[in-house]
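The whole structure should be built from the sequences, with the hints applied where relevant.
Protein chains: 2
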Amino acid sequence: MTEPSAAGAKTVKSTNITRVTHRVTVTDRWVRNGHQSGILWFTGLSGAGKTTLALELERQLHADGHQAYVLDGDNLRGGLNGDLGFSPEDRSENIRRAGEVAALFADAGVIVIGALISPYEADRQMVRAMRPDLFHEVFIKSDLDVCESRDPKGLYKKARAGEIPEFTGISAPYEEPVAPELIVDTANQTVDQSIKALRDYISANLFQDRAVEVA
Amino acid sequence: MTEPSAAGAKTVKSTNITRVTHRVTVTDRWVRNGHQSGILWFTGLSGAGKTTLALELERQLHADGHQAYVLDGDNLRGGLNGDLGFSPEDRSENIRRAGEVAALFADAGVIVIGALISPYEADRQMVRAMRPDLFHEVFIKSDLDVCESRDPKGLYKKARAGEIPEFTGISAPYEEPVAPELIVDTANQTVDQSIKALRDYISANLFQDRAVEVA
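Chains A and B are the protein sequences, given in the same order. When you line the first sequence up against numbering that gives the first Met the number 0, it's residues 0 to 214, in that order. When you line the second sequence up against numbering that gives the first Met the number 0, it's residues 0 to 214, in that order.
Keep in mind that the hints were calculated from the coordinates and are not lab data. Remember, it's a predicted structure, so these values are computed and weren't measured experimentally. The C-beta atom is built at its ideal place from N, Cα and C for all residues, glycine as well. Check the hints yourself; a few may be wrong.
Simulated coverage check for chain B against chain A, where a stretch passes if three residues somewhere in it have a Cβ under 8 Å from a Cβ of chain A [as the list claims (entries may be wrong)]: (1) 99-110; (2) 128-141; (3) 152-166.
Shown next, in the form of structure tokens:
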């Protein structure tokens with residue numbers, strides 16, 4: 000049995016806690032679903048295409064009968080992370096919680112697609128450490144100028160006008176992944192090409208019968 | 000598409016957020032899985048049997064080919080909620096986050112079983128408000144003296160000795176559910192009888208073909 004570790008929590012404040020073990024293992028779930036689970040962690044600038052690709056990938060995986068679910072950073076900020084802002088500390092806590100939730104979904108047998116800017120390398124490493132066996136860092140890569148020209152939410156314009164403090168790429172840093180499992184180049188690829196790259200990666204890493212049988 | 004609302008968050012601190020809509024609806028997922036999803040929220044005293052019943056129910060539902068997952072309060076306190084203690088405020092935040100995660104799982108098509116003491120009526124109402132259409136309050140009911148005689152984790156003994164402050168039922172309140180969807184009387188039933196009551200409830204409420212078809 001495997002379940003998210005407390006890797007993300009700096010300190011576990013609770014005492015008198017008895018961790019329980021599920022009687023259904025993650026491998027049991029893989030066998031039931033016909034595929035492995037995993038955390039596909041999409042990181043990249045605003046406008047790079049994280050959400051667009053995540054939602055289309057979710058649609059296609061579902062259509063093919065697989066268990067897939069998107070955790071979108073913006074949606075989480077309307078719920079679980081609604082108490083957090085954009086300071087470095089709050090961004091880290093935002094990623095920590097999203098990572099813990101992603102780890103729960105992966106433990107439940109789901110291919111979970113996290114779509115969050117997650118600009119800090121240390122935060123992404125923190126999420127990896129929660130479930131290193133199931134974590135896949137996917138760099139949704141696009142140049143800042145391309146992202147800014149797309150500006151799907153009008154946020155770059157606001158950021159340039161000084162209306163959004165701490166905006167990633169403009170007034171807050173984005174640390175590119177050092178060794179991501181996959182790079183999806185959305186500046187030079189169509190959405191279809193990017194989706195194909197993602198599906199090829201999933202087929203090679205999560206859809207191998209061998210993996211399901213021997214894991 | 001339906002996704003957890005921000006009902007639980009007292010204030011949504013984030014601005015410049017664009018909520019996105021999944022292309023896979025919760026109903027799509029029900030059709031795929033052959034059953035509806037839902038939040039079965041087990042509330043009750045420590046020792047009432049929440050975790051025991053949750054893990055056995057998860058095992059049986061999985062064995063029958065359904066998507067089910069347990070969110071156990073103790074396990075969450077080792078991860079997502081590792082930064083929280085047992086003050087009333089921290090207990091509320093503990094329940095809020097667990098509720099938001101449960102709502103995400105239900106949105107993903109899973110029968111999610113929350114096993115948390117959740118002693119405050121207001122907190123449970125907060126979780127209900129996140130997904131009222133999918134929330135089922137299940138009171139795992141047992142007298143305090145029965146729970147204390149079981150004392151599976153040795154916590155009542157510690158609490159009586161004054162070693163655990165704010166222990167529910169001893170030095171912190173437990174507010175019984177006012178109108179739960181289901182009461183499971185574990186003081187007067189065997190585990191098998193309690194599981195049968197839970198499975199009957201699920202069959203009547205989540206396994207109706209009609210519901211999957213017309214929802």
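> In ascending order, which of the hints set out earlier in this document are inconsistent with the structure?
Replying inline: 2
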